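Chemist: Take a look at the letters that make up each chain.
Protein chains: 2
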Amino acid sequence: MLEKGYIQVYTGNGKGKTTAALGITLRTICAGNKVFFGQFMKGQNYSEKKACQLLAGLTMEQFGGVCFVNGTPTEKDISDAKAGLEKMRTVLTSGEYDLVVFDEINTALFFQLLTIDEFIAVLDLKPEKTEVILTGRYAPQEIIDRADLCTEMKEIKHYYNAGVDARVGIEN
Amino acid sequence: MLEKGYIQVYTGNGKGKTTAALGITLRTICAGNKVFFGQFMKGQNYSEKKACQLLAGLTMEQFGGVCFVNGTPTEKDISDAKAGLEKMRTVLTSGEYDLVVFDEINTALFFQLLTIDEFIAVLDLKPEKTEVILTGRYAPQEIIDRADLCTEMKEIKHYYNAGVDARVGIEN
Numbered sequence: 352m353l354e355k356g357y358i359q360v361y362t363g364n365g366k367g368k369t370t371a372a373l374g375i376t377l378r379t380i381c382a383g384n385k386v387f388f389g390q391f392m393k394g395q396n397y398s399e400k401k402a403c404q405l406l407a408g409l410t411m412e413q414f415g416g417v418c419f420v421n422g423t424p425t426e427k428d429i430s431d432a433k434a435g436l437e438k439m440r441t442v443l444t445s446g447e448y449d450l451v452v453f454d455e456i457n458t459a460l461f462f463q464l465l466t467i468d469e470f471i472a473v474l475d476l477k478p479e480k481t482e483v484i485l486t487g488r489y490a491p492q493e494i495i496d497r498a499d500l501c502t503e504m505k506e507i508k509h510y511y512n513a514g515v516d517a518r519v520g521i522e523n
Numbered sequence: 352m353l354e355k356g357y358i359q360v361y362t363g364n365g366k367g368k369t370t371a372a373l374g375i376t377l378r379t380i381c382a383g384n385k386v387f388f389g390q391f392m393k394g395q396n397y398s399e400k401k402a403c404q405l406l407a408g409l410t411m412e413q414f415g416g417v418c419f420v421n422g423t424p425t426e427k428d429i430s431d432a433k434a435g436l437e438k439m440r441t442v443l444t445s446g447e448y449d450l451v452v453f454d455e456i457n458t459a460l461f462f463q464l465l466t467i468d469e470f471i472a473v474l475d476l477k478p479e480k481t482e483v484i485l486t487g488r489y490a491p492q493e494i495i496d497r498a499d500l501c502t503e504m505k506e507i508k509h510y511y512n513a514g515v516d517a518r519v520g521i522e523n
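Quick mapping for you: the protein sequence lines, in order, are chains A and B.
Residues in the first sequence are numbered from 352 upward in steps of one, following my numbering.
Residues in the second sequence are numbered from 352 upward in steps of one, following my numbering.
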């Protein structure tokens, strides 16, 4: 159990946001604490599913897929995100988890799957000893204002631009 | 085993560099691959030591401590780093590991514990299928030039500035 939990934000266009949240997840589990890792707008992926088998104390859940990212969100995308936020409210307020990750929440806000107000209403329920991590590009200023720590992951170069696809064990 | 391994660099003054390397380590282990995580200029810390017990396939080793960071490196700091680089040469060229992390190597280069030339001589031995991650502030341009991916972790705000100490399970 942490003495006090803070709000961390990882944003920007570079690789390393979800990855950093996974790294802190590993440290938290190693310290004997519990983590809930909720993923908005992400299909289930291989390695992260497997992580729950290896790391007792880690729970991961996906809320909706990614297919609309270059198009327009459907009603289902929106209802999936809203159901996800409801689940995260329950998780956060339970106080059962030392670290609660809202993975890609910034992106979900950017695409208006959720409003800033409805998300902040949940964030404001954070118990004092719970650490919260918020990831995704385009973190809105209201979120950065509420954060205790914010890192912008800035792309200097990325192998995607050289045609390298996402790989299991590295990106997935 | 990866089809092809790349060189990733995480640099900048923000939180998330070693953390991102740990996140990719977790994914790599989940994919059934092997990781060697070498740490320059870092004392052994609690969570990362524990990670080796939880994750079969992960080996971590520390080369030297951090005590001089605000002063001048001693001869021992330099000889520790040089011995670390030799160990990393063996690890990298063995081809036994799918991912090899040189944690804080950029910082070790910045403080001149190692020369760029002697480090690049090792980096150039990377087997084709081995992924390499290099972390630490102040990545020199020669390293960024050799990287396939580089993210700058840029501090927007950090709770250290508000007096929060490093915490087990989050930073350690």
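Do not take every clue at face value.
Copies of the same chain look alike in the list, so a pair counts if it fits in one copy or across any two.
[What the hints assert, rightly or not] Below, a list of computed lysine-lysine pairs in the BS3-like style, where the Cα atoms sit at most 27 Å apart:
hint, residue 1, residue 2
1, Lys393, Lys355
2, Lys401, Lys508
3, Lys400, Lys385
4, Lys508, Lys385
5, Lys393, Lys505
6, Lys355, Lys427
7, Lys505, Lys433
8, Lys477, Lys508
9, Lys355, Lys401
10, Lys508, Lys480
11, Lys355, Lys508
12, Lys385, Lys438
13, Lys505, Lys427
14, Lys508, Lys427
15, Lys438, Lys427
16, Lys480, Lys427
17, Lys438, Lys355
In case anyone wonders, no lab produced these hints; they're calculated from the structure.
Computed from a predicted structure; not experimentally measured.
Chemist: Does each hint fit the structure? Answer for all of them.
Modeler: Structure-based check of each hint:
1. For the identical chains of this complex, lysine 393 and lysine 355 are inter-copy neighbours only, at 25 Å across copies versus 29 Å inside a copy, given an alpha-carbon limit of 27 Å.
2. When the C-alpha separation of lysine 401 and lysine 508 is checked against a cutoff of 27 Å, the pair qualifies neither within a copy, at 29 Å, nor between copies, at 33 Å.
3. Proximity of lysine 400 to lysine 385 under the C-alpha cut-off of 27 Å is found in both arrangements, the shortest distances being 16 Å within a copy and 18 Å between copies.
4. Within a single copy, lysine 508 and lysine 385 get their C-alpha atoms only as close as 35 Å, which misses the 27 Å cut-off; across copies the closest is 26 Å, which meets it.
5. Taking CA atoms no more than 27 Å apart as the test, lysine 393 paired with lysine 505 passes in both settings, with 21 Å inside one copy and 25 Å between copies.
6. In the homo-oligomer, the alpha carbons of lysine 355 and lysine 427 never lie at most 27 Å apart, since the shortest distance is 37 Å inside one protomer and 38 Å across protomers.
7. In this assembly of identical chains, lysine 505 and lysine 433 lie within 27 Å of each other by CA distance neither inside one copy nor across copies; the values are 29 Å within and 31 Å between.
8. In this assembly of identical chains, lysine 477 and lysine 508 lie within 27 Å of each other by CA distance solely across copies; the values are 20 Å between and 36 Å within a copy.
9. For the homomeric pair lysine 355 and lysine 401, the shortest alpha-carbon distance between copies (22 Å) is at most 27 Å, but the shortest distance inside one copy (30 Å) is not.
10. Taking identical chains as interchangeable, the C-alpha atoms of lysine 508 and lysine 480 lie at most 27 Å apart only when they sit on different chains, with a minimum of 20 Å there against 37 Å within one chain.
11. In this assembly of identical chains, lysine 355 and lysine 508 lie within 27 Å of each other by CA distance solely across copies; the values are 18 Å between and 36 Å within a copy.
12. Only within a single protomer do lysine 385 and lysine 438 lie at most 27 Å apart by alpha-carbon distance; the minimum there is 17 Å, versus 35 Å between protomers.
13. When the C-alpha separation of lysine 505 and lysine 427 is checked against a cutoff of 27 Å, the pair qualifies neither within a copy, at 32 Å, nor between copies, at 35 Å.
14. Taking CA atoms no more than 27 Å apart as the test, lysine 508 paired with lysine 427 passes in neither setting, with 35 Å inside one copy and 35 Å between copies.
15. Taking the closest pair of Cα atoms, lysine 438 and lysine 427 come within 27 Å of each other only inside a single copy of the chain (16 Å); across copies the shortest separation is 53 Å, beyond that limit.
16. Taking CA atoms no more than 27 Å apart as the test, lysine 480 paired with lysine 427 passes in neither setting, with 34 Å inside one copy and 41 Å between copies.
17. Within a single copy, lysine 438 and lysine 355 get their C-alpha atoms as close as 23 Å, which meets the 27 Å cut-off; across copies the closest is 39 Å, which misses it.
Hints 2, 6, 7, 13, 14 and 16, counting from the list given before, are not met by this structure.
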